[in-house]
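Each protein sequence line maps, in turn, to chains A and B. Under my numbering, the first residue of the first sequence carries the number 36, and numbering increases by one thereafter. Under my numbering, the first residue of the second sequence carries the number 12, and numbering increases by one thereafter.
One or more of the hints may lead you astray.
[To be verified] To list a few chain A residues with every Cβ distance to chain B over 10 angstroms, as calculated:
1) Leu58
2) Pro63
3) Gly94
4) Asp140
5) Arg145
6) Tyr203
7) Ala410
8) Gly411
9) Arg457
10) Leu474
11) Ala476
12) Thr483
13) Asp503
14) Leu504
[To be verified] Some chain B residues judged to face chain A by a derived CB distance under 8 angstroms, without partners named:
15) Ala82
16) Leu83
17) Gly206
18) Ala598
19) Val678
The set of hints was computed from the structure by calculation and includes no laboratory data. Because the structure is a prediction, the values reported are computed rather than measured. C-beta: ideal position from N, C-alpha, C; glycine also.
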Amino acid sequence: MNLPLLSLLVFMPWAGAVLLAVLRNARPAVARTVTLAFSLSTLALGWAVLLRFDPAVTGFQLVERRPWIEALNIHYFLGLDGLSLLLVLLTGLIAPAGLLASWRDARSPRMFGALFLVLQGSALGVFLALDFFHWFLFWELSLVPVFFLIKLWGGENAGRAAYQFVIYTIGGSAFLLLGFAAVFAATGTVDFGQLATLAADGTLTARLAHLGNFWPQVVFVGVLLGVAVKVPLYPFHTWLPPAYAEAPTGVSMFLTGVMSKMGVYAFLRILWPIFPAPLHAAAPCLLVLALAGVVFGAFAAMRQTDLKRMVAYSSVNHVSYCLLALFAVSAASGPGGPAAGAASAALGGALLQMFNHGLSAAALFCCVGVLESRAGGRSGLDDFGGVRAAAPVFAGLCGIALFSSLGLPGLNGFVGEFFIFRGVFGLAPWTAAIACLGLFATAYFLLTFWQRVFHGPRAGAAVGNWPDLRGVELAPLVPLVALMLLLGVLPQLLTGLFNPLVAHWVAALAHP
Amino acid sequence: MQLSATHLWMIPALPLLAAAIGSLTPRGGRKLAAGAAIAAMIGAFVLSCGALVTALAQPAVHASANFTWFALGNEVVRVGWLLDPLTAFMAVMVTFVGTLIFIFSLGYMKEDRNFTRFFCFLSLFAAAMLGLLVANSLLLLFVCWELVGLASYLLIGFWFHKPAAAAAAKKAFLTTRIGDLGLLLGLLWLYHVRGSLLCYDGGAGVLEQGSLTALAGTTVAGGFALSTAIGLLIFCGAIGKSGQFPLHVWLPDAMEGPTPVSALIHAATMVAAGVFLVARVYPLMLADQALASVPVHALTVVAGIGAITALLGAAIAVAQNDIKRVLAFSTVSQLGYMMLALGVGSWVAAIFHLLMHAFFKALLFLGAGSVIHAAHHEQDVRRLGGLGRRMKATFATFAVGTMALAGVPFLFSGFWSKEAVLHAAHAWPVSSLPLLVGLAAVVLTAFYMTRLITGIFLGAPRTDAAAEAHENSAVMTGPLLILAACAIGLGFIGTPAWPWLQSNLGGIVVEPESIWEAPGLMLLSIGLVVTGLGAGWAVYGRRRNVNASSVDPLAQAAPGLFAVLAARLGFDEFYAATFGRLNTWVAALADGLDRRVWDSLVSLLARAGEFSGVLNREADEDILNRGFDRTSATVRGVGQTYSRAQAGETHGYLRTVALAFVVFALVLLLGGVR
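So that you can see chain B by itself, here it is in the shape it has in the complex:
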């Protein structure tokens, strides 16, 4: 079966349809919602396989199908689908792991009353994630990028009645959004400069030669090439999404979500989207490599961030007691490896490790889910123990996952992909620090996984919950077995003897040199794995008479260091004390400006208005009115006086007439009537 780029939209459309069905299904329709979701994932898997077949026929081609989304003003916004081996391999992985996790969820979420909604959100996530993979436009990719963030938010906060889950969901959304703002600015800049966000568009796409030459040839502030600036802004988005230092703080908290969610979103797929994004825009990240005079190459920053994250995550994982948090920091660390590989120039090693990690980390998380489900939601490794005897399938598969993650040689996929990363770091001419950091993290990884697996499965049960745990049903162990088979078998598609994956992916970007030189390095890393496993066994494997409140041997040996690591190096506290406080301060400033300054000015103006009103009134009353009043009072007084003379009495009138007559007569007489 083949699936061309034109029909690629069907892959995300199927889960989207399932999500729509799930959203309209009432609470009772559990079978419908779950059935639609799983059927859609299986369908998407089949289609993805078809796409892979198509893509591998011509692995060096970026087949695209572009179309107009809408017009705005005199601009046309075009988006499209992109089919190349990167898209196809990722889609196959996501749909395959997704299907297994969906099936596992049938068992894990069986008792949840919001079962239908869970599958609706899972399908929404799958649709967005697959959309992100098949998008040929960075705008469409950004849309899906934010939608996977939404799905992640909804699923971390799935048990929203728990305040911790609600807070973790918000933290995840906001922390990744900080990175997304960088990504947004990068895309805006790219859009502005190139007038399009299509990756491949018959020569006019932003990832094609014409665009890359122009971007690398433009210098912006600080002497950076424009391609470096845009590349690093886009990388900000990847830092947020893939839990890289310094934005890694949300990922461990995200473990508040149901365990299948942690497996699917926060281990296998969504958190790898950052790595995928950098891989997708890799031509852009590479564009400044030929320039000698830039302050820093974009990929050097990527390598640095990846190396820091790889070591940081592995170190913190050593001192965590929650199973899921150990695995979460392990994911942070492994994503760091992938970034490191991208940074040192091995695009293929990064994707190889991404794919292998998706299988064995999903396996480990589902194994953890199986344990948690069996032990009545007990997930503190100190309160478990001795589960191996009663949960044989889970134990065996978890052990496979552990060995894959630790990089136990030859049989396990993680070994091959990790070796690819380390060899790429070895071949990097710029600095040997990433290699040293990578090797240090190898020891730590083997060590913390030994600590984890012995704590859960060996020894004696340390609580009643652990003592009563029993193996889960086939719907949960089945996916574990399949994923375990993948964790063993899949590595062989990328071995030096048969580099099938590399040859197919390598068609896209030419590798600087073969990554399979330096056999001494392989021996060294095998030695480090053995050291890590041995040290872990020495410290944790032979402990006797431990109970739930026993102090960790490492905490006894180095209490200060252990406490610092257990507190995750204090990143959360540091951010709360700096950015959190700054945020509150700006908000208080904005609010205070309104209440104190602008409102007061308005009040002052109003007072001035009132005052002028008072003045007016006073002027009216005192000057105009009172003057008028006085005049009229005078007039009235005069009138009153006169009115006495006209009181209406006949006697009075006669008296007046008589008096007047007398006066008149006297005047005449005295005046001299001559």
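Okay, chain A solo, but in the shape it has when bound:
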């Protein structure tokens, strides 16, 4: 029997949300268990997909395609390649970990779980949908639960942060929608694959120019804006620190681990294949912006006195590495193509970085969440001291996450970053050299974090009864840290999924 695995992947979390909505009198423990079970479905189904997935095939697999709104030529179209699978697996890991991190939050676990599952399903939809119509539905739908999750379960200034986050992102999406409306008007389809084909031979640009000479540029800028805000690309990132800092721990983990990847994914799935020429033209400028994200993101993190904001800025820095790689490749594409080795290293490194950053940033937010819950809501850099003496296990796990984040060899973060640098150096050497400043600054602020919070005599909120990690607190951190160690030594566990795909992309770059 051929199960529609991808549909199941997307809709199982939603089914869980519906179930929670129905179970109106469920006790908190039941609500939490149901949420976790449905959240784990992604991991289980992801595993099933992994077993059927053939990495050697670079096209979409396990495709489900049915006419949906025939009058508008819109299809219900799901499919996955190595890139999608990577992100599905990441979602499967981060979402349950996030739920476990917020396990002890007593405020209405049923509502929390339902909203969280809606969010999880939407993210999966984004990673699997191949028709703009429902891709965009998923893309926008993910904002609704986030808004409520931040506003109702968040910190002191959560209302403002949630409002800013949603309005800013929707503002970006409006341009994205506008762009695709124009594309639809010009071509009569919003199927990503068909559009990529049309883009490859120049038909898309020609048809858009038919609407008016400036339309190809307008559409590109619109789509770029929508995606850039989501990633975020410097300087469209100012919504991120407050949103990540005010969100409850589990949601921060999901936002940084999964949602920030939605933007990078959109770059790879939409901008790159459908608008290769304008992206190539804009890439030198975008490269500078990504570089600014790498350097300024890291230096701004140095100035933060709140740990959550610090980790949030480190996310700006880390995601910018992915963009740096993409833009460097795009800038170098064109007749003859970029150096194949460098392009392959940059793209492969960027994919690794997406996954690795998901693990390390989520783990760091989880650790800050532990600190916050122990300290009665405080999470300032100077609110702690000597935590390592009180909680050595916690210190060890948090330390591994920190060093993974600063790219220590032997842990997962290094491999992705090294190959991004290897690729970017080959394509744009000065950019790589300047980006090294980001590496230094990252080490600086992460070690400052570690020194102030964990070292020195016990101080601040760390004085008195300060138990080490117990029971369910270990559950989200241990698997994440174990993966950091494992993937640092055996990156082939991941690269095996997408190597042929990357090779295919590189080959396509050579003949634009």
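For chain A, the structure is supplied; the task is to place chain B on it using the hints.
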């Protein structure tokens, strides 16, 4: 026993296993953790000896075993193991000194409650250090390079509850990371140009002839050969790791770590990794030597940095009062000697000095540890004194170490290796400055070591802690005796009469000329050693009636100079005032841009949105709605007026009907009913 390159991985794997065991051992499992660590080191030592036997069978061969680590895109990342005499000698040294220091730690760390974790970190360090030695890929070497940095960080900050230790750990990691970024860029460049980072790969490796010719033949910006540019970038990593000027500032602070750590990591092994790295990529550093038109040769820079560091470290050491800091600056200075030797073209002299230094400096640090342990963690030389009588074994071995470091002739290993370095400098055709600097540092070295040893062991005890000190147990003095034996005996493997080490190492790189010419130089340097020792004795050896607060004779003689040296020439303050401030400034800029500029722009946009909302509302309210309201109000008013007429009263209706009837009748009548 023999160990081929294919099985070389077992050498780092053993301590790694011990580290894993140590990390899973609870606090109570002291014997298990320490036992595993020491057993693994002994095992690694035996294997290293086997590797040495194998390597010496064919000393000119770089035996390698390469394999695929993973594939990325359409690239395959290959790494491997490399066995040559350099690897083997280094591995034997590291495992031998490591074993002794591990055993010493049993005594030194006995009372520490985190004893098991200490051995776990030590094993992690040993694994990374050995991995660095056996790596045939510069990528793998870089991985291990960073991991030794991590182990160093963890061990400097081992007593993390002390703020100074935590700060020193961070400083060490960040300072070396600055150098590492240069190394990273060098490796990226090399990787990009050559498509591989394997050192030796059957002719295709980056250190093999084809690659070297290509690198030396390419010119980059500034007229440099590509090999010079890459070589100097790689050298940046060595500057950071080996505490060379201008990145030497972290090494003295690193003395906040437990003394066995200082002995192992910050004297004998890790800090020598920079020297090892340059020695490893020596073919690359040499590649530009044949070119006449380059602005500067890579090795000339190495020699310059080494010479500056050798003098700087020795000068600062003269004015330090903390035993470990004197030794730390001495290490900085000696590492400078090694770099100098590399720079002037004598690869062999550098490695010879590296190996000898590892033994006698480990000896000195462990001796210092023995003193500190006995004197209840008193390590200020002004507050010690007179320990020689009660700590005879420590005194005797420390004296051996001192004489080896100072270069006392003939009997001590340091003499032979130092002579090798000086002779190499003498033979350098480019400049005689390194030689002069090296000779100046010889005097200073003999002087500060005399000052140190007399301060600790001679005279009368100056504090109660010094008066109560007594000799440590055999677990601590045993390693001292063995290392002292090495500090005396080992030098003979490299004497002019029997240059066994040189002949085995020399198989790798051909020396420009014999380093054993110029006997006059040897006499001169012996004279300088005697001068230094004599001056030290004259100033410090015959002092009477000193107490803990007596002013140093040098400070009396030249207070200004002494203060400047004691303040380490103000490097830390200078860096804080320049780079530190720049760093803060950029961070403030980045943060300010976000808060002031980008956030304001977004707010402005939001305001604009709000304003247009207000406009919309006003337009709706005033123009559309109010117009609509007025119309409807008019209609309603009219309706109301009319509705009065329909109040529902029968009388009213009848009245209206009657009135209408009358009016109607009047109209008919008056209108003329004709």
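Less than 8 angstroms between beta-carbons is the criterion; does Leu83/B satisfy it with respect to chain A? 4 angstroms, holds
Closest CB-CB distance from Asp503/A to chain B, is it above 10 angstroms? 13 angstroms, holds
Far enough from chain B: is every CB of that chain over 10 angstroms from the CB of Tyr203/A? Incorrect as stated: the minimum Cβ-Cβ distance to chain B is 7 angstroms, not above 10 angstroms.
At 10 angstroms, judged by beta carbons, does Gly94/A keep clear of chain B as stated? 17 angstroms, holds
Holds or violated: Val678/B as interface residue toward chain A, Cβ cutoff 8 angstroms? Hint on Val678/B: violated, closest Cβ of chain A at ~68 angstroms, above 8 angstroms.
Thr483/A non-interfacial with respect to chain B [C-beta, more than 10 angstroms]: 7 angstroms, violated
Exclusion check [Pro63/A not at the chain B interface, CB over 10 angstroms]: Holds, since 35 angstroms exceeds 10 angstroms.
Non-interface label on Ala410/A, tested against every C-beta of chain B at 10 angstroms: Fine: 19 angstroms to the nearest Cβ keeps Ala410/A off the interface.
Is Ala476/A truly not at the interface, in the sense that its beta carbon sits beyond 10 angstroms from all beta carbons of chain B? 8 angstroms, violated
Taking the closest pair, is the beta carbon of Asp140/A still more than 10 angstroms from chain B? 29 angstroms, holds
Taking C-beta pairs only, is Leu58/A more than 10 angstroms away from all of chain B? About 39 angstroms separates Leu58/A from the closest Cβ of chain B, which puts it past 10 angstroms; holds.
Would the hint on Ala598/B stand, with a C-beta cut-off of 8 angstroms toward chain A? 4 angstroms, holds
When the structure is compared with the earlier hints, violations turn up for hints 6, 9, 10, 11, 12 and 19 and for no others.
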